[in-house]
Every structure is written in C-alpha cells, then in structure tokens.
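Asker: Put chains B and C on the given structure of chain A with help from the hints.
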Amino acid sequence: MYYLIILLVYAAVDAIACLGLSQQFGVAGVTNFGFIIFQAAGAYVAAVLALPHDTADGGFQTYLGGFNLPFPLPWLGAAVVGGLLALPFTFLVGRRLRGDFAAVGLLVTAVLLNLLVMNYRPLFNGDAGVSLVPAPLQSGMFVGTSNGYQIGFGVAGLVMVVAVYWFLRRITESPYGRTLRAMRDNDKVADSLGKNLLALRTGAMVTGGAIAGLSGAVLVSFIGVWSPAAWSYAETIVLFTAVIIGGAGNHVGAVLGAVLVPVGFEEITRLISNNNPSLPPNLLPSLQWVAIGLLIVVFLWLRPQGVLPERKRVIRPAPAADQAVTESAPAARPGRLRPAAAAESEVLLAAEGVSKDFGGVHAVAGVSLSVARGTMTGLIGPNGAGKSTLLSLLAGTEKVSAGRISYAGQDITALPAYRRARLGLVRTFQLASEFKRLTVTENLLSAVPGHRGDSFTGALLGRRYWRGDETAAIDRAQALIEEFGLSAQANDYAGELSGGQRRLVEIMRALMTEPDLLLLDEPMAGVHPELARRIGRALAGLSQQGLTILMVEHELAIMDEFCDPVIVMAEGRVLAEGTMAQLRDRSEVVEAYLVG
Amino acid sequence: MSGETPMAETSIAQPILVATGVTAGYGGDPVIRDISVRVGAGQVVSVVGPNGSGKSTLLKAIVGLLRVSAGQVRMDGRDVTNALPEQLARAGVGYVPQVDDVFAPLTVRENLEMGGYLLPRGELAGRIEHVITVFPRLGGMLRRPAGKLSGGERKMLAMGRVLMLAPAVFLLDEPTASLAPAIARSLLEQQVASLAEAGAAVLIVEQRARAVLAVSDFTYVLGGGQLRMSGTPAELSASPAFVVSFLGGPPMSSQRA
Amino acid sequence: MGTALSVLLSAVGFGLITSAVLAIAAVGFTLQFAVTDVLNLAFAAVMTAGAFIAYLANQAGVPIWGAVVAAMAAGGLLSAALNYLVYSPFQRRGAAPITLVIVSLGMALIVEFGTAAIVGGVNVSYSMSQGRTIRLGGLILTTVQLTIIAISLVVMAGVHGLLRYTKLGKAMRATAANRMLARSCGIRAGQVIAITWTLTGALCGLAGAVFAIDVGSFNPSSTDIFLILILAAVFLGGPGNAYGAMLGALVIGLATEVSAAYIDPDYKYVVAFVALLAMLAVRPTGLLGART
Numbered sequence: 000m001y002y003l004i005i006l007l008v009y010a011a012v013d014a015i016a017c018l019g020l021s022q023q024f025g026v027a028g029v030t031n032f033g034f035i036i037f038q039a040a041g042a043y044v045a046a047v048l049a050l051p052h053d054t055a056d057g058g059f060q061t062y063l064g065g066f067n068l069p070f071p072l073p074w075l076g077a078a079v080v081g082g083l084l085a086l087p088f089t090f091l092v093g094r095r096l097r098g099d100f101a102a103v104g105l106l107v108t109a110v111l112l113n114l115l116v117m118n119y120r121p122l123f124n125g126d127a128g129v130s131l132v133p134a135p136l137q138s139g140m141f142v143g144t145s146n147g148y149q150i151g152f153g154v155a156g157l158v159m160v161v162a163v164y165w166f167l168r169r170i171t172e173s174p175y176g177r178t179l180r181a182m183r184d185n186d187k188v189a190d191s192l193g194k195n196l197l198a199l200r201t202g203a204m205v206t207g208g209a210i211a212g213l214s215g216a217v218l219v220s221f222i223g224v225w226s227p228a229a230w231s232y233a234e235t236i237v238l239f240t241a242v243i244i245g246g247a248g249n250h251v252g253a254v255l256g257a258v259l260v261p262v263g264f265e266e267i268t269r270l271i272s273n274n275n276p277s278l279p280p281n282l283l284p285s286l287q288w289v290a291i292g293l294l295i296v297v298f299l300w301l302r303p304q305g306v307l308p309e310r311k312r313v314i315r316p317a318p319a320a321d322q323a324v325t326e327s328a329p330a331a332r333p334g335r336l337r338p339a340a341a342a343e344s345e346v347l348l349a350a351e352g353v354s355k356d357f358g359g360v361h362a363v364a365g366v367s368l369s370v371a372r373g374t375m376t377g378l379i380g381p382n383g384a385g386k387s388t389l390l391s392l393l394a395g396t397e398k399v400s401a402g403r404i405s406y407a408g409q410d411i412t413a414l415p416a417y418r419r420a421r422l423g424l425v426r427t428f429q430l431a432s433e434f435k436r437l438t439v440t441e442n443l444l445s446a447v448p449g450h451r452g453d454s455f456t457g458a459l460l461g462r463r464y465w466r467g468d469e470t471a472a473i474d475r476a477q478a479l480i481e482e483f484g485l486s487a488q489a490n491d492y493a494g495e496l497s498g499g500q501r502r503l504v505e506i507m508r509a510l511m512t513e514p515d516l517l518l519l520d521e522p523m524a525g526v527h528p529e530l531a532r533r534i535g536r537a538l539a540g541l542s543q544q545g546l547t548i549l550m551v552e553h554e555l556a557i558m559d560e561f562c563d564p565v566i567v568m569a570e571g572r573v574l575a576e577g578t579m580a581q582l583r584d585r586s587e588v589v590e591a592y593l594v595g
Numbered sequence: 000m001s002g003e004t005p006m007a008e009t010s011i012a013q014p015i016l017v018a019t020g021v022t023a024g025y026g027g028d029p030v031i032r033d034i035s036v037r038v039g040a041g042q043v044v045s046v047v048g049p050n051g052s053g054k055s056t057l058l059k060a061i062v063g064l065l066r067v068s069a070g071q072v073r074m075d076g077r078d079v080t081n082a083l084p085e086q087l088a089r090a091g092v093g094y095v096p097q098v099d100d101v102f103a104p105l106t107v108r109e110n111l112e113m114g115g116y117l118l119p120r121g122e123l124a125g126r127i128e129h130v131i132t133v134f135p136r137l138g139g140m141l142r143r144p145a146g147k148l149s150g151g152e153r154k155m156l157a158m159g160r161v162l163m164l165a166p167a168v169f170l171l172d173e174p175t176a177s178l179a180p181a182i183a184r185s186l187l188e189q190q191v192a193s194l195a196e197a198g199a200a201v202l203i204v205e206q207r208a209r210a211v212l213a214v215s216d217f218t219y220v221l222g223g224g225q226l227r228m229s230g231t232p233a234e235l236s237a238s239p240a241f242v243v244s245f246l247g248g249p250p251m252s253s254q255r256a
Numbered sequence: 000m001g002t003a004l005s006v007l008l009s010a011v012g013f014g015l016i017t018s019a020v021l022a023i024a025a026v027g028f029t030l031q032f033a034v035t036d037v038l039n040l041a042f043a044a045v046m047t048a049g050a051f052i053a054y055l056a057n058q059a060g061v062p063i064w065g066a067v068v069a070a071m072a073a074g075g076l077l078s079a080a081l082n083y084l085v086y087s088p089f090q091r092r093g094a095a096p097i098t099l100v101i102v103s104l105g106m107a108l109i110v111e112f113g114t115a116a117i118v119g120g121v122n123v124s125y126s127m128s129q130g131r132t133i134r135l136g137g138l139i140l141t142t143v144q145l146t147i148i149a150i151s152l153v154v155m156a157g158v159h160g161l162l163r164y165t166k167l168g169k170a171m172r173a174t175a176a177n178r179m180l181a182r183s184c185g186i187r188a189g190q191v192i193a194i195t196w197t198l199t200g201a202l203c204g205l206a207g208a209v210f211a212i213d214v215g216s217f218n219p220s221s222t223d224i225f226l227i228l229i230l231a232a233v234f235l236g237g238p239g240n241a242y243g244a245m246l247g248a249l250v251i252g253l254a255t256e257v258s259a260a261y262i263d264p265d266y267k268y269v270v271a272f273v274a275l276l277a278m279l280a281v282r283p284t285g286l287l288g289a290r291t
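Residue numbers (numbering that gives the first Met the number 0), protein chains in the order written: chain A, 0 to 595; chain B, 0 to 256; chain C, 0 to 291.
Rather than coming from a laboratory, the hints here were simulated on the basis of the structure.
You may find that some hints are simply not true.
In the EDC-like style, the derived pairs of lysine to aspartate or glutamate whose C-alpha atoms are separated by at most 20 Å in a straight line are [what the hints assert, rightly or not]: (1) A:435 <-> A:186; (2) B:147 <-> A:356; (3) A:187 <-> A:397; (4) A:435 <-> A:356; (5) A:311 <-> A:469; (6) C:166 <-> B:28; (7) C:166 <-> B:122; (8) A:194 <-> A:469; (9) A:398 <-> A:186.
Bear in mind the structure is a predicted one, so any value in this text is a computation, not a measurement.
In isolation and in its complexed conformation, chain A is listed as follows:
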C-alpha cells in the first residue's frame, strides 16, 4: 500500500511539472532548459516556510528563515516564488535572441545556480540540503504518518494534477492560448498583428514557473528532504523527454509522458536491480540515462508530435439561425476609426521625407507620399526600387533613418509595429507567414483585436466571459472564408495549404484585425491568375466599404483593373503618380521599367 502511495505521489509531482513544461514548450514555444530551477525553488521555499525557526536539531543544518507556517501557506509560497523567479529570466526569452541561444543561456543558468546553492551553505544547507521538512498539517515528516494520512496525501496529489490541468486548459483553450500558439508558430507575424511578445513569453514563463514551484512543494512535503543532487540540470531533460514523448502541446499527453518516463523508469530500474543484486551499482542508473537520451532522439525522429499529438481545434459553423443573420451582414466591417462620413479626399496615411539606409545603401531616399482614405493605391517599380522597405517603414517593421510618418493625423514615426496595428494600420508579408499549426479559422481568429478572451485574466475568467466576442469573431471569420472560397479548408492546418491558399489566409487574417488601412506586400505573388483576380475583386469590394489599401504588386494587369492611383518608385524615390493609363504614357516611367 505504502508503495502504491509513493508511486502515486511521484506520478502526481511529475505530472504537475510536465504540465507546466508542456505549457511553456508545447503551447508557447519557449524552450526552457532551466525548468528544473523553478521546481527546486518551490521545494526550497516550501521547506523553509514549513520548517521551524530554530535552525537547531543540534545545528546540523542551516537555512534561510524557518517560518513554521501552517499548511497551505508553504505550498502557496512555493508557487508564488516559482512564478516571480521567472521574471528575471524573461530577458533571455523575451527578446529576439535566437531560440537555441536562449535555451543555452537557460541551461547554463540551471547548472550554475545548482553549483551556487550547493556551495553556499547559509541559504539552504549547501550540498547536504534541507531535511526534516514536516508534512502538511503534521509536526513530523511524511514517513511517520498514518495510513489514512498517506492515502489522503495521495488523493490530494491527484486533485492537484486535475486542478493544474483544468487551470491550463482554461488558458490553452482560450483565445489567449490561441495567441500563445500563434507566437510559437511565427513570432514576428504575431508581433505585427499587435501581440505583445514580451508579455506573452513572460506570462508563459511565470505560469510554468509557478506550476513547477508547486510541484516542488508537493515533492518536498512528501520526501521531507531537498538537496542540489535532486535537481541537476539533467532532470530538466527527463521532463523534456516526458513531454516530447507524451506529445508537446497536449496536456493529457504531458500527464501520460510523466507516467511513462520519470515514474516508469524509476520502477523498471528498481525492479531490475531488485532481481539482479549482483549488477554493478552504477550500471543501471547509467543505462537509464542512456535510454532517456535514446528516447529523445528516436521520438524526435520517428514521432516528433508525440504519442498524443496536439489536438486540432475544429470549429464548426454556427447553428443555422445564426448563419442567416451573418449572411446578410457584410463580410468585414473595416475600420476602427470609423468616422461616419469621412471625406473621400482625406489623407489617412502620409510619409514626409522618409529615408532608410542599410549600411550606406539608401534603400528608401526621401519618399513623401500620401494615401487617401478609401482608395486602393498601388505601389509599383522595378526590383530594388525600395517598395517593400517603404512598406516596412510605414508598418513599423523597420525604423526610419529619417523622415516622419503620420496616420489619421497622428505622428506614428516612433510607434512599434504592434502599436500601429492596434491603431488599424496592418500589413501583410511577402513571404508565407501563416501560423502553420493553427487551422485556417484559427489563423483568422488569432488576429481579432481587443478580444475579451485574448488576455491572461480574460482566459481565466472563462468561456462565459469571452463567448460573445468569440461567437462574433467566428461568424466574421466564416463569412470571410466563404467569401474567399476556402470553406472546404476552414478546419485544415494552414501549413497544409497550397501557396496561393496561404496568401488568402494571410489577407483574410489581416482583414480580421478590422484595419482602416491595409498594407499588402505582393499579395498575388505565386497565386494562380484566376485566384489573383478573385482576391482583387474581394479587396475592391472592401475598399468600397471604406477600407483603405496600399498594395505593392508587380502584376500590372491587377493595377490596371483595381488600383487608382498608382505610385511608381525607382531607386528609393517616388517617380510618378497617376492611373496606370497615365503612367504608361510618361517616358520616365517607361524608362524606369526598361532601364531599371
């Protein structure tokens, strides 16, 4: 019986930890090789909060504090400290550091913190670690407690697993969770859609840290001791193995992985060594590590998605009654500024003397232009004319070297991309930028601004709190998908679509942000001519409803048909502006194209 309880508690601790790691790694895409630090911090904090103040017992151990706090304060404290400890680490994962470099930084941190704690005795008794940690609601350690208490503890562990699972599910299955997954798939694009990457990554680090801290608290209450040997950096690898095998991003998979890897391995090892007492003492633990290494490599090769892959979130069309309403509604009501009766000629976006140098090369050299509200303005020019760079400057993806950009009368030169996106100035990219492991519908939904469920607290408040926004967003998304003719693929992963379909997803996603001004970078590149015309017609329709569009495109037939005016750039400067017909008659334009 006691043995079963031990198994159960270990399984619960590992499951809680793996859930936290799965949230960071599988959902948010943050590779935290220092994960074990947070479990360790939780364990130490829970220990010193529960231990008595007199460092006594013959003074054989020393530790910071000793607060003698009653349950559940030590566990709560562990979770809080685990979460807070994540904050200093966000400087590694929050900035645009290569993912593998950041991971190395975290690994190194884990190793060195272990070394520090091991050698600095006053903190947590150094190498020997803290011991005699009382079990919750008891004065002594877990070992001496009654059968009933132990069963109760095991059940409590299970309840905690369920609680953590429920908590994470609430986050992951919310619009906020969708945003985390979008960031995981393509952080640069998430940024351009107005998502605050630093805040999102900090959130993932703090959530995972708090959960890891909690797992440490449960563990130390159970085993009663905690020392640096219990949290070597290799323990992080064990947890990663569990999550990879179970299925990163699938929380049930994380629990399964916890049972299969750390718990399963301990048990197999114990069984083998019990039956073969003559084996060298070091052999089995070594082979166990070898097996863990093999499992990582073999699984990443054969089944990188894990035993239980991340679930696809299928979103069905709303019931028929709702649909009747949406069909009569316009597909997209563009505009957040929404001035009821804006004059046609009003300038929405203006650039004055905007320049951009790349190491001495003037990619954009003193461009001044204005885009009038409600127009569909084309931007053309030979290769290297600076069109894409100009678009990046207008969207805030790149910073200007000189000049001023104003939008709706406001100077936005200094605003970062996500702030401009929030003002309704939204861009698309030249290269494919769909969120690969989100469905088409989810790709669209991820772009909805001001969604009540797209924040940590909004997610925690639950579906009831954000359902209204979600339903409305789904209706709009489905109407758009239908208008662009992708209904059959609405629940396919965007990464599985053809090149042309991906461009559609990107344009639709940009439209979901309710932009006032859409900056499109070669939206028809690589798209079948038939599809290109359909995109053009859909955009023209939106433009008539008040959406302003500035579009870089080299297919001049598209310009002829849909864009007025068209701006010609060459060598970083604006050369001419007019209708395509007018431009064709201007010799400098002809020369720009022929001379290049």
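Answerer: Relative to chain A, chains B and C alone:
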C-alpha cells in the same frame, strides 16, 4: 557585338547550353512553364522581363537550385537536368547569384581561390593573374575581406570568382541590381561583353532591359512565367509589343517580334 | 616577493593552464558550429569519452602522450559518427535549430552515460609523472603543465594555419559563410562538413585528454561543468568565430582562476556564468562578431 545584324534564333549554331521546355517552381504551382532558351560560345544571350516574370527562377532551375519538374537542360549535349550545383560547376557552368554572391568573411584572394577550387594547385596563381587582367580593380584589393567591397567591386569579384574555372557558360542573375546606373552600364558593356569576347557563352538575366539589349546577341522576354517573345535586340527594339510586355496592356501570346 | 603578488601569480598560472585546455575545446566547438550549424551540446561528453579511451590505452601500457593521440582519434571518429548517424539526417529533414539542440542534449546523455556504463562511474587517473617543477619569473609550473600550454599554442597556430593557408581550411570557411555558393564553386560541402566533424572531434578528444591530465582524477561526469566554460568562451568571443573562441578561452580561464584566489573557489564559475549571460543579453554576436 552584332546587335546590328538581325539574327534568327537558329543562328545560334553551336549552342553549348540548351534548356528545353523547362517547368519549375518552389513546390506549389510552377512559377515558370515550358521555357526554352539556348546560348552558344562567344554570345551574350539575355533574359528580360518585368518583376516576377520568372527570370531568376529560370536561372535557378538551370543551375540545380530548384527542381525542374518538366523539360530538360543539356550542357554540350549532356543531360544535366536537376544535377547538383557542385556537379554543374565541374561540368563548366559558372553561376553568379543575385545576392549572397561572394564569401563575405573571406578576402578577395581567398574568394578567387574558392572559385578555382577545382583547379590543380599549380594553376591557381596564374589564373588569379588572368582574372585580374579582366577585372583590374580587383588587383589592388586582394587582401580585403569581400564583405567590405562596394557594390560594383563585389559584383566584379563574384564574376571573377566564376571566371577562375574558365567555365564554358556564365549564368548571371541580375548582376546590375542595386548598382548605380553608370556602374551598371560599364559592368555590362565592359566586363560582361569581355567574357563573351573571350569565347564563353553568357546567359544573363536582367532587369535593365535597355542596357542589356545593347550588349546582347539575342534576347528572350519573359512575362508571367512564360516566354512572351524572343529575337535580336534590333528586332525587339523595333517592336511596340516589347514595351507593352513590360508595362502591361492586352495579354500577349508567346510570339516572335 | 610579497605574498599578495605570489598568490596572484600562482592564480595566473592556473588560469593559463585552464585557458590552454579551454581554448582547444572552445575552438573545436565554435568551428563545429560555424561549419555544420549544429550547436553540439554533446561536445563535453565526447571529450570525456576521448579521455577514457586515452585511459584505456594508458592502462594497456601506451605512454601518456601516445594515449592522448588515441583520444584524438576516438573523438574524431565519434564526432564523425554523430554527424553521419544523427545530426546530418535531422538537418536533411529540415529540423529547426532548437530541435537539433535538444537532439544534441539527448546524444550528450547517451555518450556520457554510455561511457559510464562501460567504465563505471568511479574516478580514475592516468599513470604518468607530473614532471619537474619549473619557475618562470614568478610562475611555478610543472613540465606537464607547460606541455599542455605548448600543445594548446601549437593547436591554435595549427588552426590558424589551417583556416588561413590551406585549401581545406578555406573551403571550411567558405562553407560556413555560404554553403550554397560553396557548392556552386564545386566544393563538396557534405565532404567538408564530414571532415570538419572529424577534425573538430579530434580537437574535442585532445581537449578531453589534456583536461583529464590537468585535473588529475576524473570520471564520466567531470566535464559537465566544463561545458559551461566552453559555452562561455564561445559566446564571449562570438559563436562561430575561432579567434573569438581563443580570446574567450583566455578571458574565461584567467577570470575564473584569478577570481578563485580572492573569492571562495567554489564560486569561481560564477564569473563565467555572468560573462555568458551578459553577452547573451547585450551582444549575442560576441566580442569579435559571429562566424570566422
């Protein structure tokens, strides 16, 4: 250059590089369809067309950077369709990409040595001497890292690097992109022309149609991933359809001027 | 001579030896990364494996410097095998850099604990003489320590010569700078990469053996912390930059050992830790910039 004398496509008497019916793309729909080009020794043959017409894609397909899904590429009669880049280098194809065309951390001399990687050790120094006679500017900057060169110097180095192996065919992908007009013109009129004068075949993709026509023996015009027209520079310059193919108008079928 | 000065000088002596060992490893690691694009966290485990091969050879009667050569061979073979069997297949499949880092961690476990399973987890030492003690100014070093420093200097000179003056070395740099263009020049990039794994693997084995000689007694997990020093040296100098790695090794080796003379020696690695994190936070391309 024989731009004055009208020249039919068949006048490329002994073509070295022949691409027939090439269709290729980046995995999805093909970007170029059914394109045939050929170039013979001592000739400059250019491929022009507006942005996105598939010029660079054609070149990448020929040099094995993109998969050719239909059609054939032959070098000296040998089938080299979908050959690896290192195999094409050995077969006498010298490719100068549009960007990332030099080894930036390596010095100019080291770049040239890499260009001559396949040469026997004894010939390296002599070949570098030769390249410097073709691109004299490089002679004064042999110890400078390639990343520190100006745009024009960098392009000369890229061409010089390819020249090291004295390839039978040069494939140049928009060599004048991001160069100032005067430098672009001199690069085309002097260096590119001199490659052909030395007996090599040059297939050049260019954005600057006017400038490249002036040094071409024969020109293909691409549009929308297909061959729109082809002919000698004189024929093309005389054709109103040529301008239309750049700045749009009624759709054109593939036709000769 | 004052006590303070002699403490400093002896710390500098230790620092130079640590730097010498570290430089061999860091240069191997950074070249591996530059040319092959794999941030190989199994590097330290391969070092240990090499050190143990040297131990087995040494036990079988091979003199220590011959055993060091065996370690180099073992490191080269093992690294080439890692590339051929594991990393290269993952790369051909288009695995993300972070996936390869996780894979390399898995390989680190397999190599380190595979070694432990074979040789046992106990501490071993080479049977060798530490040689005479020599005074150089204020520095007191043994001939073995001097030999290690000399080997390291020879390796650094050799790497410099390889990269600057040989066809292979230039092809390695060309492949690191622009793999596609290298192939267009007729360079068989796959071959260059395989050779790079073998060469840097030999450096790795050498580093393992001289590390083991330096520390005196070692076990399969002895290089765990050393990996951190390697990473610190590599990132300090700029990942992929061989000269940066040499500079980084000198700085980290001296900083850890000299600080150990003044603060508790148990905390000497904190210096490396702070250096590494500061570089990642402020200037991820390192002091000398990325790539060779």
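Asker: Each hint should be assessed against the structure and marked as holding or not.
Answerer: Against the structure, the hints come out as follows:
Annotation: proposed proximity of residue 435 (chain A) to residue 186 (chain A) holds, straight-line Cα distance about 12 Å (limit 20 Å). Pair hint residue 147 (chain B) plus residue 356 (chain A) holds up; C-alpha atoms about 16 Å apart against a cutoff of 20 Å. Restraint check for residue 187 (chain A) and residue 397 (chain A): satisfied, since their Cα atoms lie roughly 12 Å apart, inside the 20 Å limit. Pair hint residue 435 (chain A) plus residue 356 (chain A) does not hold up; C-alpha atoms about 33 Å apart against a cutoff of 20 Å.
Under the criterion of a C-alpha separation no larger than 20 Å, the hint pairing residue 311 (chain A) with residue 469 (chain A) is consistent with the structure, at around 17 Å. For the given pair, residue 166 (chain C) sits about 42 Å from residue 28 (chain B) by alpha-carbon distance, which is inconsistent with the 20 Å threshold. A hinted pair counts as satisfied when its Cα atoms are at most 20 Å apart, and residue 166 (chain C) with residue 122 (chain B) qualifies at roughly 14 Å. About 17 Å separates the Cα atoms of residue 194 (chain A) and residue 469 (chain A), which keeps this hinted pair within 20 Å; it holds.
With a C-alpha separation of about 18 Å, the suggested pair residue 398 (chain A) and residue 186 (chain A) falls inside the 20 Å cut-off, and the hint holds.
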